[in-house]
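Trainee: Since the structure of chain A is provided, determine the placement of chain B on it from the hints.
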Amino acid sequence: MASITIRGVRKNYGKTQVVHGVDLDFASGEFVVILGPSGCGKSTLLRMIAGLEEISDGTIAIDGTVVNQLEPRERGCAMVFQNYALYPHMSVAQNIGYSLKVAGVPAAERTQRIQAVARTLELEHLLDRKPMALSGGQRQRVAMGRAMIREPKVFLFDEPLSNLDAKLRVQMRSEIRKLHRRLNATSVFVTHDQVEAMTLADRLVVMNGGRVEQVGTPGEIYTRPASRFVATFVGAPAMNMLEGTVELDGLSLLGGSRRLAVPRAGLPVGTKVAMGVRPEAVRLVAPGTSGALDATVDLVEELGAGRVIYVDLDGSPFSVMTSEAIHPEPGSTVWLKFSADDMHFYASETGGRLDVFKASVPEPA
Amino acid sequence: MEKRVTFSKWTIGILFAVPQLILIFTFFYWPAGQAVYWSLTLQQPWGGGNIWVGLDNFRSILANPDYWRSVSASLVFAGISTGLAMFIALVLAALTDRQLAGSWLYRVVLIWPYGIAAPALALAFRFILAPEAGFLSVVNQMWPGIWDPGLDGTDAMASIIVAFSWKYVGYNFIFFLAAFQAIPRSLIEAAAMDGSGVIRRFWDIQFPLITPTIFFLLVINITESFQDSFGIVDIMTSGGPANATNLMVYKIYSDGFKGLDYSGAAAQSIILMLLIILLTIFQFRFLERRVHYR
Numbered sequence: 001m002a003s004i005t006i007r008g009v010r011k012n013y014g015k016t017q018v019v020h021g022v023d024l025d026f027a028s029g030e031f032v033v034i035l036g037p038s039g040c041g042k043s044t045l046l047r048m049i050a051g052l053e054e055i056s057d058g059t060i061a062i063d064g065t066v067v068n069q070l071e072p073r074e075r076g077c078a079m080v081f082q083n084y085a086l087y088p089h090m091s092v093a094q095n096i097g098y099s100l101k102v103a104g105v106p107a108a109e110r111t112q113r114i115q116a117v118a119r120t121l122e123l124e125h126l127l128d129r130k131p132m133a134l135s136g137g138q139r140q141r142v143a144m145g146r147a148m149i150r151e152p153k154v155f156l157f158d159e160p161l162s163n164l165d166a167k168l169r170v171q172m173r174s175e176i177r178k179l180h181r182r183l184n185a186t187s188v189f190v191t192h193d194q195v196e197a198m199t200l201a202d203r204l205v206v207m208n209g210g211r212v213e214q215v216g217t218p219g220e221i222y223t224r225p226a227s228r229f230v231a232t233f234v235g236a237p238a239m240n241m242l243e244g245t246v247e248l249d250g251l252s253l254l255g256g257s258r259r260l261a262v263p264r265a266g267l268p269v270g271t272k273v274a275m276g277v278r279p280e281a282v283r284l285v286a287p288g289t290s291g292a293l294d295a296t297v298d299l300v301e302e303l304g305a306g307r308v309i310y311v312d313l314d315g316s317p318f319s320v321m322t323s324e325a326i327h328p329e330p331g332s333t334v335w336l337k338f339s340a341d342d343m344h345f346y347a348s349e350t351g352g353r354l355d356v357f358k359a360s361v362p363e364p365a
Numbered sequence: 366m367e368k369r370v371t372f373s374k375w376t377i378g379i380l381f382a383v384p385q386l387i388l389i390f391t392f393f394y395w396p397a398g399q400a401v402y403w404s405l406t407l408q409q410p411w412g413g414g415n416i417w418v419g420l421d422n423f424r425s426i427l428a429n430p431d432y433w434r435s436v437s438a439s440l441v442f443a444g445i446s447t448g449l450a451m452f453i454a455l456v457l458a459a460l461t462d463r464q465l466a467g468s469w470l471y472r473v474v475l476i477w478p479y480g481i482a483a484p485a486l487a488l489a490f491r492f493i494l495a496p497e498a499g500f501l502s503v504v505n506q507m508w509p510g511i512w513d514p515g516l517d518g519t520d521a522m523a524s525i526i527v528a529f530s531w532k533y534v535g536y537n538f539i540f541f542l543a544a545f546q547a548i549p550r551s552l553i554e555a556a557a558m559d560g561s562g563v564i565r566r567f568w569d570i571q572f573p574l575i576t577p578t579i580f581f582l583l584v585i586n587i588t589e590s591f592q593d594s595f596g597i598v599d600i601m602t603s604g605g606p607a608n609a610t611n612l613m614v615y616k617i618y619s620d621g622f623k624g625l626d627y628s629g630a631a632a633q634s635i636i637l638m639l640l641i642i643l644l645t646i647f648q649f650r651f652l653e654r655r656v657h658y659r
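Residue numbers (our numbering), protein chains in the order written: chain A, 1 to 365; chain B, 366 to 659.
Hints may contain errors.
Some chain B residues near chain A, calculated using beta-carbon distances under 7 Å [stated by the list, open to error]:
{"id": "1", "residue": "Leu552"}
{"id": "2", "residue": "Glu554"}
{"id": "3", "residue": "Ala557"}
{"id": "4", "residue": "Gly560"}
{"id": "5", "residue": "Ser561"}
{"id": "6", "residue": "Gln571"}
{"id": "7", "residue": "Pro573"}
Sample of chain A residues facing chain B (criterion: CB under 8 Å; computed from the structure) [stated by the list, open to error]:
{"id": "8", "residue": "Pro72"}
{"id": "9", "residue": "Arg73"}
{"id": "10", "residue": "Asn83"}
{"id": "11", "residue": "Ser99"}
Simulated from the structure, these hints should not be mistaken for laboratory data.
Beta carbons are placed, not taken as given, at the ideal position from N, Cα and C, and that holds for glycine.
The shape of chain B in the complex, shown without the other chains:
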């Protein structure tokens, strides 16, 4: 049955679409178009017009080993933080779904981290993970110098991964819990009657049935880990030490606004956008096949 609303005059339809079109154009296509234009020109930091340089900006970025280090740091960050945030959320949601004691508490409390602005939570984690006075300073008392995100690049990367994952665990948890609760109880009971234990039921019944949610969260988490990591990096490490945590999104900011290389930053934005688009296409193309939609 045709459920679409149709308008007798095409002009009325256009009128309804116009507000949305204006919003999308003003806040997405126009800035994106500007970025493309800047990336193909050399903009002078003190004003005075743009000089057309073609793909020179891209060439110089891609030839710079610093940029490639930033790309690999971003990929490491995206991979580990997405994996961590999704795994912890999945375990918590599975336990909450079984209605173990205290599950009502998780349900209420776990969404809160997502509501905290990235810089605020980054500041909190900066204190928590501070090598000289934070909770983790205990390990330095036992093995002096083992933990120092200010000097050790790996420690710094671990710090921002922990902070980012902590925020997204809450977000993922809500989606996972909703997915688990959408599975009819009788399916779990039928599997129990078929002789399947708790762990087996999880892998054979629950996990396959929440694959649409897992897929959705994977796409969202990876995309967000490229973009939403800015506030955390800025407050916790400022890209250091020795560029170890200079993620792509942070490098755009520091090259553009601190280094005043607007054109190079615009080109980096375009590359980041293409990378996210490619990753998303890849996920839809190769992972979605394994998803069971009901």
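Chain A on its own, in the form it takes in the complex:
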């Protein structure tokens, strides 16, 4: 159990900066997920915590001790790698027990602890096998066992589930969650998969382009995305975004072809904004309903439990998710409506969230 404090951390490769000053605090025992597209610097940040990458600027402290100059082994972290990184020439037992062997733990105690870990991970019958002879899920378990046996202060996961098939991934996800509940060690989990991130995280860190975009619980991040990037990155299908301009009596969308009556609440007339609404917040209504927008259906994607209807709104793509048994034909016209509560506004230029419109909530007219 340990807290992690990250202050102004940067990473340069030569002249290229890939992490631009990150400040984060992870509480002791917390399960934090760092989510972001590939190349956003999330793995680099994790590797800097682990000690596998040098920290170019700023400090990382574990339990109040600055670890910048410490070797990986002195930091008390254990890591699960994306490709598992099992030692191919060692048996499962030797893989799991390697850190104890290096630490000089006597053979008897070592065997006992390997047995204990194997029991928790249901690996007992595989202890003599080589990694080559294991399935993907079993290798994943061995990698976890190798991290667990050290009883580390901090668990680091570098996209550990991305090499597994969909079914195993769901299963391992819940196992990781259960394991964390039992061991209660601070865990940092890096992924680009938002479902993984939402289901695992106590707290979620969304990163983009080497910067932290938002930190919050999965619920907060879904309901109040702090930036346009977070709004479109988190949630599937992605949040709809329409460009618009603030006018005296509301919002003019899509270069003036559509209008929504939303209170302007202090924003100067002429401000360029992006209005976002989640596909699952959009309702299909009867033709001609007041305040509804009409759009042409492009494509319907069947999901079983529901369906995603992709429509064309005066040339802009827009999507609607519905669980109703509606199957509009491509080319037909549908009417869409959503409440002002479900609208998110972002400054067109900076992408920052604008909350002023939330002041009062009339129906769009």
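Mentor: Chain B in isolation, oriented as in the chain A frame:
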């Protein structure tokens, strides 16, 4: 899944194999067969046919203490030069793999010695190791007479070992470096996270994973040290002093072409071939078990 190419008519398959078969037959089986034939006959130096003598050639060679001295000199040379060439190459490759400063230079420069013909490099080392004027003449200035490969058999053996190892360090280095770089970085990182230091990581992770390469190089180096040493011996010591560096491959040449004992030389060739075959079988039989193939 069957990945082999199969031909509808067996004759087409044979036709494809014929060029290779001709090459192997002309340049290996035929000369080897001739050597076997010569080794069982007495060939007259000025022509005039062969006289069948059975195993007499072998008997007289194996009864000659000079020959046994040549065999033991060859074994000493093979053992030390292989060990030296492989050890130095392993250390250099391990350091280069860690990307220490200047490692790019090693990577480029270290293959060059292998590209130099044995006689050329032997001549260079003859100058370098010359007791009266070379770099090593300094030691003679301090302790007169301590280094003289022309008089001292041990010094002469050391000279050819150094020259041969120098050539094979480059060859071995390339293979070792490739083997080290084929080890996924994450394995080294995982070992670092497990608390293992640089030296420990080398012995526990890297070394076991390059054993296939070590085994391959061991077989190649030992074989080559029996065969490729000829040019070096010829230029540097001519087998002397007092036959101290008269390796088997050089003795074949000097007995055959200088002593005009063709039949004895042919018999020695056969013995050398059998020795290399035996050594290779031994290595595959007993050492390969300890190799971890991935």
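Trainee: Hints first: check each against the structure and report whether it holds.
Mentor: Now for the hints, and whether the structure bears them out:
For leucine 552 of chain B, the suggested interface contact is upheld, since its CB lies about 5 Å from the closest CB of chain A, less than 7 Å. Interface hint status for glutamate 554 of chain B: upheld, as the beta-carbon distance to the closest one in chain A is roughly 5 Å, under 7 Å. The closest approach between the C-beta of alanine 557 of chain B and any C-beta of chain A is roughly 5 Å, which is under the 7 Å cut-off, so the hint is satisfied. Look at glycine 560 of chain B: its Cβ gets to within about 4 Å of chain A, closer than 7 Å, so that hint holds up.
For serine 561 of chain B, the suggested interface contact is upheld, since its CB lies about 5 Å from the closest CB of chain A, less than 7 Å. Hint status for glutamine 571 of chain B: violated, given a least beta-carbon distance of 11 Å to chain A, over 7 Å. Annotation: proline 573 of chain B was flagged as interfacial toward chain A, and the flag holds, the nearest CB pair being 5 Å apart, inside 7 Å. Interface restraint check for proline 72 of chain A: the shortest CB-CB distance to chain B comes to about 5 Å, inside 8 Å, so the restraint holds.
Among the interface hints, the one on arginine 73 of chain A holds; its C-beta lies about 4 Å from the nearest C-beta in chain B, closer than the 8 Å criterion. Hint status for asparagine 83 of chain A: holds, given a least beta-carbon distance of 6 Å to chain B, under 8 Å. Given hint, serine 99 of chain A at the interface with chain B, holds; its Cβ is 4 Å from that chain's nearest Cβ, closer than 8 Å.
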